[in-house]
Amino acid sequence: MTFLHNIGLYIIMLQKMFHKPTKWKVMKELILKDTEDTVVNSLGIISFVSFFIGGVITIQLALSTTGSFYPNYLVGYATRETIILEFAPTIISIIMAGKVGSFITSSIGSMRVTEQIDALEVMGINSINYLVFPKVIALLLYPFLISIAMFLGILGGMAACVYGGYSTMSDFIEGIQTDFIPFHMTYAFLKTFVFAFILATVPSFHGYYMKGGALEVGKASTKSFIWTCVTIVVFNFLITQMLLG
Amino acid sequence: MISVKNLKKSFDNKPILKGISCQFERGQTSMIIGQTGSGKTVFLKCLLGLHIHDEGEIQFNKKKIELMDESEKMDLKSSIGTVFQGSALFDSMTIEENVMFPLKMFTNMPFDEMLDRVNLVLNRVELENSNHKMPSEASGGMQKRVAIARAIVNDPNYLFCDEPNSGLDPKTAIVIDNLIKEITEEYNITTIINSHDMNSVMEIGEKIIFLKNGVLEWQGSKKNIFKTDNQSITDFVYSSELYKKVRKMYLNS
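Read top to bottom, the protein sequences are chains A and B.
Under the working numbering, the first residue of the first sequence is numbered 1, with each subsequent residue one higher.
Under the working numbering, the first residue of the second sequence is numbered 1001, with each subsequent residue one higher.
A couple of the hints might just be wrong.
What the hints assert, rightly or not - In silico DSS-like links for lysine-lysine, alpha-carbon gap of 27 angstroms or less: (1) LYS1181/B to LYS1244/B; (2) LYS1018/B to LYS211/A; (3) LYS1244/B to LYS25/A; (4) LYS1073/B to LYS16/A; (5) LYS211/A to LYS1045/B; (6) LYS1248/B to LYS1171/B; (7) LYS28/A to LYS1104/B; (8) LYS20/A to LYS1045/B; (9) LYS1104/B to LYS16/A.
No lab work stands behind these hints, which were simulated from the structure alone.
Since this is a predicted model, take the numbers as computed values, not measurements.
Could you build the full structure based on these sequences and the hints that come with them?
Here's what the structure looks like:
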């Protein structure tokens, strides 16, 4: 019952997000600030994780595909497919649910606890539009982050493969180019947009509707992380089934 | 002027406000007092539109808010200044940005004009040269003064304060109380203060409304408080020995 109630509340929040828009001059500043907080400030961790996980994926693939039975380019091919189809869009989104999601929940939750949201409402400002809408727009740049994750993941894979002595640079590059299906990029970026929307709205929902004090802000952040992950995983399955199944 | 008639509000079938009727006059500092859980905050939030009341009516300048359309409600909200219990300053903004916020949202003033207005109200609350401080760098009393500056920057017709001096030392509390009273008279606004600080009540309360279990138990001026024989309010106001003595002295004189 609570689950259904929350889904209803989430849909109402999405509707309210488009009502009574905030003045563009103010909204522009909010979007820039949220872009910095959510996208620009995530570049470092995303780059670091992508490069090294890309390397690990390649080493594991190389170790499990040794022998004359497998073509030399297979490691590059498998690395590309793994990173483009799943690692960059989905796993990075789950990492972002921890980093950006908990930031969004705790910042909005703290505003709820300290009556800042009430202050906005009393002034006649649509607090949902003011707080959530700029995050949704800012995270439209999320695919840019994912494309960097794809590039660095493959680069990390290539570095690990070549410098680890598992394959040659030319074999790896041949693998990256073999049987490339452009639709896989469309699929990856399409789900990235869906995940960006989830990353902006689910944590906002948990922060906006939280009740209680500082302890509850922490609890709401944890809950928000769990539900963002669950929603991303479920939508990942649905989109994959619809587009690739 | 704000007029309230038979205001009722329940949460989960539990009545919190049980038919409150009263009036708040322009240029006057009215205080809502009562014990914790008496319905003061719910009453204030109903007046502010943060809670929708179940029954009764609220009129701002003889206009019922229940009959107002969205644009009328927006106009009304932009004429209300609010000071929250915890100040509710936006912690990502400087003091200057906090005070400028209502001007940015509701006016098309050029930046220099907004800055002049911000400096004027910051001077009024004696916070010159604090423009670029963050709220976290300000003391409790300073934060309250910033909240008051933000509340009056738009020239409001109404000022609502929810326990404006909670958490402040007695001296700073008196400064804040006097500031609110002076601003009320200077700007000729309708001020409603929610408090259970008896010092504030005796200091600046021109009209006092006492709530008990969601019912308006007593209303009158601070002078009437000394004379009343209403047991509920005397139990509440004269719970401390000091006030018992003050009352005795007042009645003897």
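Tested hints:
no.: 1; hint: LYS1181/B to LYS1244/B; in the structure: 26 angstroms, holds
no.: 2; hint: LYS1018/B to LYS211/A; in the structure: 25 angstroms, holds
no.: 3; hint: LYS1244/B to LYS25/A; in the structure: 56 angstroms, violated
no.: 4; hint: LYS1073/B to LYS16/A; in the structure: 17 angstroms, holds
no.: 5; hint: LYS211/A to LYS1045/B; in the structure: 16 angstroms, holds
no.: 6; hint: LYS1248/B to LYS1171/B; in the structure: 25 angstroms, holds
no.: 7; hint: LYS28/A to LYS1104/B; in the structure: 13 angstroms, holds
no.: 8; hint: LYS20/A to LYS1045/B; in the structure: 21 angstroms, holds
no.: 9; hint: LYS1104/B to LYS16/A; in the structure: 22 angstroms, holds
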